[in-house]
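Undergrad: According to numbering that gives the first Met the number 0, the sequence shown is numbered sequentially starting from 0.
Check before you lean on any hint, since a few could be wrong.
Said to hold, decoys possible - SDA-like, lysine to any residue: derived pairs with alpha carbons at most 20 angstroms apart:
id: 1; residue 1: LYS219; residue 2: GLN252
id: 2; residue 1: LYS219; residue 2: ASP185
id: 3; residue 1: LYS140; residue 2: VAL234
id: 4; residue 1: LYS138; residue 2: TYR230
id: 5; residue 1: LYS11; residue 2: THR95
Think of the hints as simulated: they come from the structure by calculation, not from any bench.
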Amino acid sequence: MFFSSNIKFLRKRRERTQDDVATSLEMKRSTLSGYENGIAQPAMDTLIRFSNYFNIAIDTLIRVDLTKIPESQLRQVERGYDVFIKGSNLRILATTVGMDNEENIELVSEKAKAGYTSGFADPEYISILPTFRLPFLSKQKKYRTFQINGDSMLPIPHGAWVTGVFVQDWDILHDKDACIILTADDGIVFKVVENKLRPEGHLILHSLNPLYPPFELTVKEIREIWQFVHYISPVIPENTAAENYHLIETVKQLKQDVTAIQTKLNL
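The task is simple: from the sequences and hints, build the whole structure.
TA: Structure below.
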């Protein structure tokens, strides 16, 4: 149980004194001090008051050590994206920060994918991944970069480095969002999602390459979701303009041939 340490942490994070919080919650400062030191246990109505005051679910205040959550996730919880309120399990993200306490972007290469599948929640494993920064990305969000393989997402080429922003609340995903998804059985996949989580409990994953059929992924099979931000590749996507022009000209010629045949038949 983390209630006592959490309310003390949140109070100090907001730069409030015990008197400030006690007054807002209509209780004695000594009573609040007892809660923060773990001497007294709050009743349900008191838990509700703390939950409303900090805008954080009771389950989160009790069951989650907020001091261990990365800053980017803590900001999401404080802004109302508390997944316990939404009825799902809290996904604690292992992450790394630099000397300036700003979060890094970890790099997951093709060779590192197998280890990532089992070590994604292990801070020690995440700490050995290469890291970098991109100054044009928001410091308020958490990013990670994955190397993709195959041709299912062409024109994004094989070997490209795809950066995604961590998705805490999967319900916010929209149809046609491209995402990197860590799955329980298939490892890391990069697909375009069709969100059926609320009505049916699964995502439908689509490839940009029409040769690959869509498939379903249940919520129980999902470990992490990173929404597509951009990709980096030394390969210039193939120019399909010439092929399209040739196709258009062929269709035009076919139309002319059909018109000529119809004209002869009508003579």
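Undergrad: Provide an ascending list of the numbers of those earlier hints which the structure does not satisfy.
TA: The structure breaks hints 1, 3, 5; every other hint is satisfied.
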